[in-house]
Amino acid sequence: MKHKIIALLGRTGSILIVIGLALGLVSTQPPRVVTSTFPSRFYVFPRRYTLIFPPPYIGTPSPRYGFRFSVTFNNSLQFYIIATHPSQLREWVFSWTKEHYPALNESQVYREMFNASVLEAYLQTHPENVLLNQGVKGGWSIDFFPQKATNVTVVFSNPSIMSIDMNMKITGITTPVPRNHALMLIQTLLVSGTVLTLPWAVKKSKDYVRSR
Amino acid sequence: MGKARPFLEVFASLLNEDYRFPVLEIVAFIFFLGPFTGFWIFSPPGPQSELTIADLIGGFSTFLSMAFVAPVFGILILRNIAHGFGNELERGVIQHLLSYPLKRRSLLTARILSSIGVVFMLLLGIMVFTFYVVAPDITFTYIVPIWMASMAFLSYPFLVASIVLILTLFFKRGSIALMVGIVLYFSSFFLIMILLITVNVKILAIIYPSIALQFHYQAGWDPSALKLWTPSFIEACLYIGAGYALAILILMVGYLYFDRKLEI
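As you go down the protein sequences, you meet chains A and B in turn.
Counting from 1, position 88 in the first sequence corresponds to residue 905 in our numbering; the numbering is continuous, with no gaps.
Counting from 1, position 168 in the second sequence corresponds to residue 170 in our numbering; the numbering is continuous, with no gaps.
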């Protein structure tokens, strides 16, 4: 009876391993391009930041539908993806600037609100909204899939004292399975499958050696 | 343990015979990989919003059901029952199993559990897991509809498995059951279309209960067809129950025949 239980668990384990491998195969399929923006040119001025508004037709990213950001520029920049709608972020920085610099008139507030220090204030008060924070240099591309469907704002901050000329293209890409989720499942399946299969595999190999 | 032991012995021997390594592993691999690949190839391009329960039951699972559930289930059932059990009856190997201190109905139960039960549970588990992989949030939120949908998609293959079993018993060989099984399993799409034109959609929903669930969520069919009927969720569940009741009724006839009438 003990051998039969070992065999039953072993076969269960081997099925888990196979499903884990199949899921691994599915999740390694390269993302498929479904839509994209035209390449756009931006200037990021010294010690300032630029908000990029992904156009509505490109959709909202989700665990299975993400964005590929392809950027080329002539210096190094700080790249952020923030989980908030661009207009909300704009409203927040506007009111924060107005509150902290009450002496400024409206047009001065509009100019001052794009200072890198204002962005720093936002990032410090809303760390949970920062989905990606990365220093980037030269030509660069990244595939981004959020953990859950959310509006995003792309921010480029220029910490240097030189203006940066930048070209950017956003491409909508899709994958068959949410990658982060799949990775965790693959690990669980492979580990639990191996644990269940090991005693059976050892018994099988012992039987094989004994029969020879 | 006295009565259970011979039953378990027979069950284990049938399991070993039906699923030699790596039959189940290959089936699990194909069954898991297939729907993803198909859905990936045939899903329309364009920005995708978050999936809903209707998308899952209407789109993804229709493909899963039509293209994979019936054929994969069918291959194993035809191999285990029409071919395996049919040969046992034809060549008299069944007499060896009858030498165990077991009632005939217990022997048939062991055969059904091994040939149909294991495949059923495996595919049911993989289907629910597939839903979880594609949309974990929805699967947690709508766990009951997801289970019901998975059960609904397996209802028709289960019904055909019962028909294949009873035909194998009646003819004491697997060839006719094999032919009927192949026709029923591999033409499910065309059968649905023919039955949709010739009979009422509600009668069709007893044979294919997944239709009741798809009509409830108003997904997976042409909008003009969906206007025909909008059952409530409870009603859809009753249709799933009716589908299984029909299959179990056929199995019961098989039990009675094997227990009382079949001469071996």
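Hints should not be assumed to be uniformly reliable.
Computed spacing ranges between beta-carbons, pair by pair [what the hints assert, rightly or not]:
{"id": "1", "chain 1": "A", "residue 1": "P873", "chain 2": "B", "residue 2": "G243", "range": "43 to 49 angstroms"}
{"id": "2", "chain 1": "A", "residue 1": "G955", "chain 2": "B", "residue 2": "I32", "range": "42 to 48 angstroms"}
{"id": "3", "chain 1": "B", "residue 1": "I32", "chain 2": "A", "residue 2": "N997", "range": "22 to 28 angstroms"}
{"id": "4", "chain 1": "A", "residue 1": "S934", "chain 2": "B", "residue 2": "S234", "range": "56 to 62 angstroms"}
{"id": "5", "chain 1": "B", "residue 1": "S101", "chain 2": "A", "residue 2": "N997", "range": "54 to 60 angstroms"}
{"id": "6", "chain 1": "A", "residue 1": "M818", "chain 2": "B", "residue 2": "E19", "range": "16 to 22 angstroms"}
{"id": "7", "chain 1": "A", "residue 1": "S934", "chain 2": "B", "residue 2": "F142", "range": "37 to 43 angstroms"}
{"id": "8", "chain 1": "A", "residue 1": "K965", "chain 2": "B", "residue 2": "Y259", "range": "50 to 56 angstroms"}
{"id": "9", "chain 1": "B", "residue 1": "I32", "chain 2": "A", "residue 2": "S980", "range": "24 to 30 angstroms"}
{"id": "10", "chain 1": "A", "residue 1": "I822", "chain 2": "B", "residue 2": "D261", "range": "48 to 54 angstroms"}
{"id": "11", "chain 1": "A", "residue 1": "L1000", "chain 2": "B", "residue 2": "P225", "range": "47 to 53 angstroms"}
Computed from the model, here is a short list of chain A residues facing chain B with C-beta under 7 angstroms [to be verified]:
{"id": "12", "residue": "S831"}
{"id": "13", "residue": "I832"}
{"id": "14", "residue": "V835"}
{"id": "15", "residue": "I836"}
{"id": "16", "residue": "P993"}
{"id": "17", "residue": "H998"}
{"id": "18", "residue": "M1001"}
Rather than coming from a laboratory, the hints here were simulated on the basis of the structure.
Glycine included, C-beta positions come from ideal geometry on N, C-alpha and C.
Hints and how they fare:
Our hint of 43 to 49 angstroms for A/P873 and B/G243 holds, since their Cβ atoms are close to 45 angstroms apart. Here the CB-CB span from A/G955 to B/I32 is close to 45 angstroms, well matched to the stated 42 to 48 angstroms. Checked against the hint of 22 to 28 angstroms, the C-beta distance between B/I32 and A/N997 comes to roughly 26 angstroms, which is consistent with it. Between A/S934 and B/S234 the Cβ separation comes to about 58 angstroms, which falls inside the hinted range of 56 to 62 angstroms.
Between B/S101 and A/N997 the C-beta distance comes to about 56 angstroms, which sits within the given range of 54 to 60 angstroms. Distance hint check: the CB atoms of A/M818 and B/E19 are about 19 angstroms apart, consistent with the given range 16 to 22 angstroms. Taking the beta carbon of each, A/S934 and B/F142 are about 42 angstroms apart, inside 37 to 43 angstroms as hinted. Between A/K965 and B/Y259 the beta carbons are some 55 angstroms apart, a value that agrees with the proposed interval 50 to 56 angstroms.
In this structure the supplied range 24 to 30 angstroms is violated for B/I32 paired with A/S980, their Cβ-Cβ distance being about 57 angstroms. For A/I822 paired with B/D261, a C-beta distance near 31 angstroms fails the hint of 48 to 54 angstroms. For the pair A/L1000 and B/P225, the supplied restraint of 47 to 53 angstroms is violated, since their beta-carbon distance comes to about 38 angstroms. The interface hint given for A/S831 holds, since its Cβ lies 5 angstroms from the closest Cβ of chain B, which is under the 7 angstroms cut-off.
Interface restraint check: A/I832 against chain B, minimum CB-CB distance 5 angstroms, threshold 7 angstroms, status holds. Nearest Cβ of chain B to the Cβ of A/V835: about 5 angstroms, under the 7 angstroms cut. The hint holds. At about 5 angstroms, the closest approach between the beta carbon of A/I836 and any beta carbon in chain B falls short of 7 angstroms, and the interface hint on this residue holds. For A/P993, the suggested interface contact is upheld, since its CB lies about 5 angstroms from the closest CB of chain B, less than 7 angstroms.
Because the smallest distance between the Cβ of A/H998 and any Cβ of chain B comes to about 6 angstroms, under 7 angstroms, the interface hint for this residue holds. Checking A/M1001 against chain B by beta carbon gives a least distance of about 10 angstroms; that is not within 7 angstroms, so the hint is violated.
Of the hints listed earlier, those the structure fails to meet are numbers 9, 10, 11 and 18, in rising order.
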